[in-house]
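With the hints as extra help, turn the sequences into a complete structure.
Number of protein chains: 2
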Amino acid sequence: MGVNSNRVEDFSSQETTLRITTESIVPGMEIHNVCLPPKKTTLQKLKQRLGEIFFPDDPLYRFKNQTWCKKLLLGLQFLFPIFQWGPEYSLRLLRSDIISGLTIASLAIPQGISYAKLANLPPIVGLYSSFVPPLIYSILGSSRHLGVGPVSIASLVMGSMLSETVSPHDEPILYLKLAFTATFFAGLFQASLGFLRLGFVIDFLSKATLVGFMAGAAVIVSLQQLKGLLGIVHFTTKMQFIPVISSVFNHRDEWSWQTIVVGVSFLVFLLTSRHISMKRPKLFWVSAAAPLTSVILSTILVLCFKLKTHKISIIGYLPKGLNPPSANMLSFSGPDLALAIKTGIVTGILSLTEGIAVGRTFAALKNYQVDGNKEMMAIGLMNMAGSCSLCYVTTGSFSRSAVNYNAGAQTAVSNIIMATAVLVTLLFLMPLFYYTPNVILGAIIVTAVIGLIDYQAAYRLWKVDKLDFLACMCSFFGVLFISVPSGLGIAVGVSVFKILLHVTRPNTLIMGNIRGTNVYQCLGRYKETSRVPSFLILAIESPIYFANSTYLQERILRWIREEEDWIKANNEGTLKCVILDMTAVTAIDTSGIDLVCELRKMLEKRSFKLVLANPVGSVMEKLHQSKTLDSFGLNGIYLTVGEAVADISALWKSQP
Amino acid sequence: MGVNSNRVEDFSSQETTLRITTESIVPGMEIHNVCLPPKKTTLQKLKQRLGEIFFPDDPLYRFKNQTWCKKLLLGLQFLFPIFQWGPEYSLRLLRSDIISGLTIASLAIPQGISYAKLANLPPIVGLYSSFVPPLIYSILGSSRHLGVGPVSIASLVMGSMLSETVSPHDEPILYLKLAFTATFFAGLFQASLGFLRLGFVIDFLSKATLVGFMAGAAVIVSLQQLKGLLGIVHFTTKMQFIPVISSVFNHRDEWSWQTIVVGVSFLVFLLTSRHISMKRPKLFWVSAAAPLTSVILSTILVLCFKLKTHKISIIGYLPKGLNPPSANMLSFSGPDLALAIKTGIVTGILSLTEGIAVGRTFAALKNYQVDGNKEMMAIGLMNMAGSCSLCYVTTGSFSRSAVNYNAGAQTAVSNIIMATAVLVTLLFLMPLFYYTPNVILGAIIVTAVIGLIDYQAAYRLWKVDKLDFLACMCSFFGVLFISVPSGLGIAVGVSVFKILLHVTRPNTLIMGNIRGTNVYQCLGRYKETSRVPSFLILAIESPIYFANSTYLQERILRWIREEEDWIKANNEGTLKCVILDMTAVTAIDTSGIDLVCELRKMLEKRSFKLVLANPVGSVMEKLHQSKTLDSFGLNGIYLTVGEAVADISALWKSQP
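Protein sequence lines, in the order shown, are assigned to chains S and A. Each step along the first sequence adds one to the number in our numbering, with nothing skipped, and position 40 is 40. Each step along the second sequence adds one to the number in our numbering, with nothing skipped, and position 40 is 40.
Treat the hints as calculated values from the structure; they're not laboratory data. Hints may contain errors.
Claimed, not checked - One side of the interface only, derived from the structure: several residues of chain S facing chain A at Cβ under 10 Å: (1) Y61; (2) R460; (3) R505; (4) T517; (5) K527; (6) S542; (7) T583.
In this text, a Cβ means the ideal position worked out from N, Cα and C, and glycines have one as well.
Structure below.
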């Protein structure tokens with residue numbers, strides 16, 4: 001017993017040094033003390049914890065040990081990344097940026113018109129949205145390859161959420177007002193997330209959820225485009241699978257063969273060009289130029305046959321000129337405010353998720369880093385400014401950014417070039433779109449969203465993680481059959497449930513010694529491990545919380561019962577000591593501490609010894625604060641399982 | 001490189017054996033393979049996982065290797081525990097049970113009347129509820145010490161939730177119907193939880209939450225009793241702090257000094273007796289007998305002065321006779337069904353929590369086990385039966401069980417004795433309660449609920465776990481100022497948030513080698529640890545999920561940046577290898593796998609090596625399924641940090 005009686009004193013005197021008992025009985029096995037972490041006040045702990053929660057990337061590290069003047073410059077660069085790359089900007093970079101800027105402009109114009117239609121907004125709003133926000137992003141944003149503009153997901157979600165309550169055809173002004181108010185709230189929400197450093201909120205939309213969500217949305221949107229592609233006039237405004245399908249087939253008399261012929265041929269053209277670019281990334285310009293080409297070709301086609309084709313519906317008149325201010329259209333009162341806020345938050349989260357993910361993807365390809373929280377502020381501010389200049393929700397679009405990257409964009413200047421091209425279009429080219437047929441917009445949308453159906457990703461989820469696949473399917477079918485927000489909600493619920501399930505029903509493993517070493521590993525997994533007679537060594541693979549303390553107690557008692565049965569069956573002496581390997585118990589709460597105490601008492605009554613091996617710092621601290629450590633004290637806590645086994649065996653030998 | 005080239009083949013051939021490379025370069029350090037867990041089909045895995053989730057205690061283990069006849073007997077005993085202890089029942093046990101049964105009956109009669117009042121139900125319902133449910137429990141229940149009957153928390157929650165919508169004074173029949181329907185749903189919910197083995201649902205009401213909830217409820221209830229104690233006639237039916245307090249002071253003209261004198265003196269008597277029993281557990285009978293004594297004394301008092309004390313309100317006429325059937329009062333339609341279901345679920349959860357916790361507590365004291373899921377079925381069935389015989393929600397009551405235990409109860413027969421005593425009361429003694437003053441019921445309730453305020457537990461929470469304390473305070477103030485279900489909801493939310501926070505922002509630790517050993521521990525915590533030159537060893541203390549993969553990537557890159565700064569400042573060579581100790585990474589999902597892959601690629605670009613140490617079985621499996629293992633392959637995965645350091649150092653030496 002005297003072997004390591006000095007170990008317990010350490011707990012009370014809280015020294016954090018390590019004392020090695022030299023007279024260890026087992027040759028070669030030194031027994032180490034388990035230390036408490038260095039003492040800190042509650043305030044210090046709180047500060048550290050908050051730092052880890054809100055400033056994990058330590059964003060201010062650049063400012064350390066700098067002069068005031070340098071700090072000011074760094075601060076300016078921190079707030080406006082344009083000051084970072086601006087001074088080093090060269091003509092060579094400009095040339096690359098002009099090429100990529102013009103390329104994405106050729107994509108942006110038809111996309112803008114189409115996506116605005118998806119959100120049930122006038123086509124011109126889509127063009128406006130490709131002008132103001134990219135300019136603001138180029139000043140504030142930290143990604144060099146992000147192509148900013150409206151995106152399909154956010155457009156369709158806004159369209160579906162708003163049009164369930166307000167009809168865009170019967171009350172167009174109210175609908176517009178709601179759309180801009182929702183955009184404002186989306187921006188406000190995004191900017192606040194960034195400013196309050198709560199960016200982790202978007203992490204809760206896991207990739208699995210998004211795969212299912214986007215596929216479901218793509219299916220719905222493609223089906224909705226049958227309205228344009230078939231030339232149907234009376235169509236449901238609902239977004240669920242069943243009403244849309246029944247709408248398609250209930251109006252078979254409205255199908256127009258002229259529209260179908262034009263639509264299908266351009267759809268084939270667009271899909272083929274997309275296929276070519278996917279096979280050979282160097283031919284990215286094929287799919288980038290295809291939408292504009294289709295628009296031009298189809299417009300000319302309709303223009304030529306205009307006398308004979310009253311059956312193909314066209315865009316019609318679009319106003320010339322720059323974005324008018326629309327701050328007066330924001331309304332912060334009235335019965336629909338709640339709807340605007342809800343729509344703003346949902347579209348805000350979705351567009352943020354896409355924007356951040358896209359920014360990170362291309363940053364990783366070029367080996368620079370994008371600051372998530374700063375990006376959120378940039379995207380949020382650009383949407384708030386957008387809502388005051390007749391723009392709806394915009395973000396970093398995946399298709400534009402991919403084209404931008406492949407066209408060789410070097411800095412955010414490519415966004416400025418694109419905005420300039422859109423400006424020219426707005427000022428001079430609007431009448432050209434008069435005869436553009438609506439069917440072509442449908443074809444562009446279908447081509448865009450079909451790329452969102454990632455069945456390979458879904459198959460991979462199925463293969464690797466069944467619960468992730470379940471979350472994916474929940475969001476897919478939820479979006480398809482219930483509604484967009486419910487589908488998302490269910491999927492987030494499933495993802496969170498998965499985390500909670502892992503905590504509520506943690507793994508416990510029985511461990512054995514790998515012969516000839518001090519390593520202890522799972523008995524079933526490593527055939528070379530063997531049981532240590534008289535010991536039951538259990539690894540607990542989860543923090544111990546209120547949610548699992550009852551379970552763990554039952555499960556540990558069952559392990560003991562089964563071990564005793566096994567020992568009886570194999571006639572292997574008696575069980576005398578239970579060792580809990582606490583390495584993976586990374587946290588404990590008051591219920592967990594109660595479990596440990598109770599377990600110790602229960603085992604003591606049955607004259608078993610309970611030993612903890614390698615409790616982590618925070619667990620040690622809580623055990624100390626709750627005085628549980630004192631009751632373990634002597635030979636109760638060890639640094640490793642190996643030391644525990646060696647020391648306790650030695651003790652038994654010396655005190656038979 | 002040849003040293004362990006055989007390690008990689010194992011991954012592809014999936015052998016689970018251990019191969020020791022004998023020609024290890026570092027003397028005394030053998031390099032072990034990391035094994036995949038034994039291969040299982042999806043179905044086998046699902047079966048095992050479901051087994052762990054729903055049958056952690058392996059409830060059918062008794063049936064293994066038994067004859068059919070024995071199995072039948074065991075099954076009967078399993079369903080009706082009375083068959084387990086019944087055959088061994090003796091006269092000696094009966095004597096103990098009679099004493100304890102009569103003792104709890106003396107407590108049950110005044111408690112029944114008082115708690116029914118708390119639920120705004122007629123006093124007689126409280127007595128009915130102490131008759132049928134205990135009889136059913138004694139057949140089905142597995143606890144030997146549980147004293148069954150109405151409890152304060154469930155009574156007051158039912159009273160507050162129902163009376164917010166339906167007034168018990170204006171619509172007494174509707175109120176009664178709702179109460180019995182809610183009781184039915186409470187029972188149905190409890191029995192289903194038990195039957196579906198979903199008992200862990202109640203684990204989400206952590207002890208911290210319950211401490212706050214009970215204290216808040218106790219404060220509100222005590223304040224509400226001021227109605228009876230001060231003799232106020234017009235009182236609010238609301239359950240929030242502010243309306244109750246203002247009700248007390250707005251009706252100062254209704255205060256009656258006679259009532260106050262009687263109330264305060266009996267309150268002092270009851271509190272003193274409670275204090276005595278708490279100081280000396282052997283004098284448990286003092287507090288057990290006090291309520292009945294008070295009722296008798298006060299009734300006699302009022303009877304003596306009956307001509308002069310019209311100012312003290314009395315219970316009045318109570319019907320004689322047994323429980324009439326009330327199945328016809330259950331209504332499963334109508335506008336209030338949702339309210340009944342909601343009330344049923346909330347009271348069901350609360351009463352279940354109390355019942356199970358009390359059962360477990362006393363079982364642990366006598367060293368037997370209570371099966372949670374079976375208890376739930378027993379409590380649920382007794383409530384369903386109760387709802388058909390004019391009883392409202394009952395469960396195992398803490399006060400009754402404590403008295404029962406202290407009075408020496410041996411089996412559930414004490415519940416039968418209590419029910420018999422209540423039966424006698426119902427049949428013959430009801431007229432005696434005619435003159436019992438209502439003020440005494442208020443005093444009994446206050447004494448009962450004041451014991452629920454456990455400020456010492458709250459202080460302990462504050463000392464040990466600040467977030468648990470926050471959950472406690474949330475439920476306390478939520479119940480006090482908002483409402484009972486919202487308070488509970490907020491507190492459960494805080495508890496779940498705490499789990500999610502730990503997952504979203506996991507700890508990462510930098511580790512060093514404890515000199516002279518193969519043990520690696522946290523650098524800041526153990527002073528004897530030292531950095532290993534050229535290595536950065538990080539321990540990740542959480543599963544890697546979608547919710548933290550972004551955070552972990554940022555945090556790990558920051559560790560690397562800081563390590564490089566440190567190395568530069570201390571002029572200590574270069575960083576060449578990052579080792580992630582995965583011991584505490586007990587699960588990984590597809591986002592986590594993406595993180596590992598991406599991190600490896602990013603580090604490779606900067607020509608660092610990424611190594612994983614000791615991935616657990618399920619993580620290895622997922623890495624294998626997603627083909628990530630292949631990209632790590634050679635020298636990428638080791639069993640321990642020590643082996644990784646030794647092997648890679650040796651490799652560097654042999655290939656400079």
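Structure-based check of each hint:
Of the supplied interface hints, the one on Y61(S) holds, with its beta-carbon coming within about 8 Å of a beta-carbon of chain A, less than 10 Å. Taking 10 Å as the C-beta cut-off, the interface hint given for R460(S) holds, the closest approach to chain A being about 7 Å. Restraint check, R505(S) versus chain A: the minimum CB separation of about 5 Å is within 10 Å; hint holds. Restraint check, T517(S) versus chain A: the minimum CB separation of about 7 Å is within 10 Å; hint holds.
Taking 10 Å as the C-beta cut-off, the interface hint given for K527(S) holds, the closest approach to chain A being about 6 Å. About 6 Å separates the beta-carbon of S542(S) from the nearest beta-carbon of chain A, less than 10 Å, and the hint is met. Taken as an interface hint, T583(S) checks out: its beta carbon lies about 5 Å from the nearest beta carbon of chain A, inside 10 Å.
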